[in-house]
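*Asks:* One letter stands for each residue in the lines below.
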Amino acid sequence: MLNGLDIEGNSPLHRLPVRGKLILLFVAAIVLFLLSDLRLLAPALALSAALYLSTGIGVAEAMRRTRFVLFTVLLVAAANYFFQSPHEGAVVFCRLSTLVLLAAAVTATTGISAFMDEITRLLTPLERFGFVRAADVSLAVGLVIRFVPEIFARYGEIVAAHKARGLPVRPLTTLTPLIILTLKDADTIAMAIDARGFRRH
Amino acid sequence: MDIVFSAATVSYTGRVALQPLDLRLCEQRIGVVGLNGSGKTTMARLINGLVRPTAGTVTVGGLDTVEDEQAARGKTGFIFQNPQHQMILPILAEDIAFGLKNRGLGKAEIAERTEAVLARFGIAHLARRRVHELSGGETQLGAIASVLVTGPDLLILDEPTNQLDLKNRALIERTIAGLPEQVLVITHDLALIEGFDRVLVFHEGRLAADERPAEAIRTYREIAAC
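Protein chains in written order, with the numbering used here: chain E, 6 to 206; chain F, 167 to 392.
Pulled out of the complex, with its shape left as it was, chain E reads as follows (with noise of 0.2 Å):
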């Protein structure tokens, strides 16, 4: 269930420190939407891969972590192909493919405790204007990353239990159980951080 979204392992991406793939991903991206140039933005996309899977996650573990988030990448493309040009499709569906792997490369590579330790160092300057609470913003990122897998670990408890019972999985009957259980969740785990005294103030 507490799973997290990062594997062990040993790879390049794993010995980076977090602060530097935060700022490669941070200027990939840029650099991403600066482009496009299909000759570039294939290969791009093609070396995301490539990372991604040097990560050790395997092909069929890596599909599943990103298909939610490549098929929608696939249908803001479709978009910019029907509206804009078959060019247009492509250059969408590449450079926002390129993104997701990046960042999913990254996710893969980082431990949660890790990510929040250099989100907290990152905005802590940012706490003497006012703005941000450091502590609470690392620990939002922090929690959603940790809740990602509990969420379709529970959908998928869902789903089992309808087929369980012999009744059809409709998104109606599936998700209203999951929403629900999902805000009770978080009810329980935010009165868990206050009992262990973590956000002080």
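These are calculated hints, taken from the structure and not from any lab test. None of the values given here were measured: they were computed from a predicted structure. We put the beta carbon where it would ideally sit given N, CA and C, even for glycine. Each hint should be verified, as a subset may be incorrect.
To give an idea of the chain F side of the interface with chain E (calculated C-beta under 8 Å), a few residues [as the list claims (entries may be wrong)]: (1) 216; (2) 239; (3) 240; (4) 244; (5) 246; (6) 251; (7) 252; (8) 254; (9) 256; (10) 257; (11) 260; (12) 267; (13) 268; (14) 313; (15) 316.
Following the hints, position chain F against chain E.
*Replies:* Frame of chain E; chain F shown alone:
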């Protein structure tokens, strides 16, 4: 440490979860029993400030749980019914260290205190394990370690042997018996509280009995039989 309830009452939208409670607790081992929905978890959460009294006050070591919320909470550790719910991070050592963050401690001190508490409960070999891979007893020990690492004076456990097999139940019972901290246990496991100093029985939001374990358990059995 003294825990004092002064006419402490809890109501939720017209329903009274806990009738006015006046009580002073200072014993080392306190048990709380009662049927489901009898108000025992609400009473325990008042001590940690997780629930605020709608009337009256609760003080822990002289600190009001509303006015001195953070300081009072620092004196109390809380283990939830399902300890998986309080494991915030996926690796046990990281989760234990989580409770020490945001307290102005250095990395070295956090690591040192984490190692010390893992060793104290004999679970140093589980430090790098993922929490979802731990057995029921290991998860409960990990949760206790993650709370006690912050050094509370009082540990509250909400049904700590619930869902555990006999072996893990015995392990948790031994662990609780060996804790130097003051302990308050909410439980349906009557064997767990037989040797305690004091047992409170709650029924329909009221304190129905406050006695030595043998008498309190008898009262609870009578209530349950009705």
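*Asks:* Indicate, hint by hint, whether the structure satisfies it.
*Replies:* Cross-check of the supplied hints:
{"no.": "1", "hint": "216", "result": "holds (6 Å)"}
{"no.": "2", "hint": "239", "result": "holds (6 Å)"}
{"no.": "3", "hint": "240", "result": "holds (6 Å)"}
{"no.": "4", "hint": "244", "result": "holds (4 Å)"}
{"no.": "5", "hint": "246", "result": "holds (6 Å)"}
{"no.": "6", "hint": "251", "result": "holds (5 Å)"}
{"no.": "7", "hint": "252", "result": "holds (4 Å)"}
{"no.": "8", "hint": "254", "result": "holds (7 Å)"}
{"no.": "9", "hint": "256", "result": "holds (4 Å)"}
{"no.": "10", "hint": "257", "result": "holds (7 Å)"}
{"no.": "11", "hint": "260", "result": "holds (4 Å)"}
{"no.": "12", "hint": "267", "result": "holds (7 Å)"}
{"no.": "13", "hint": "268", "result": "holds (5 Å)"}
{"no.": "14", "hint": "313", "result": "holds (7 Å)"}
{"no.": "15", "hint": "316", "result": "holds (6 Å)"}
When held up to the earlier numbered hints, the structure conflicts with none and fits them all.
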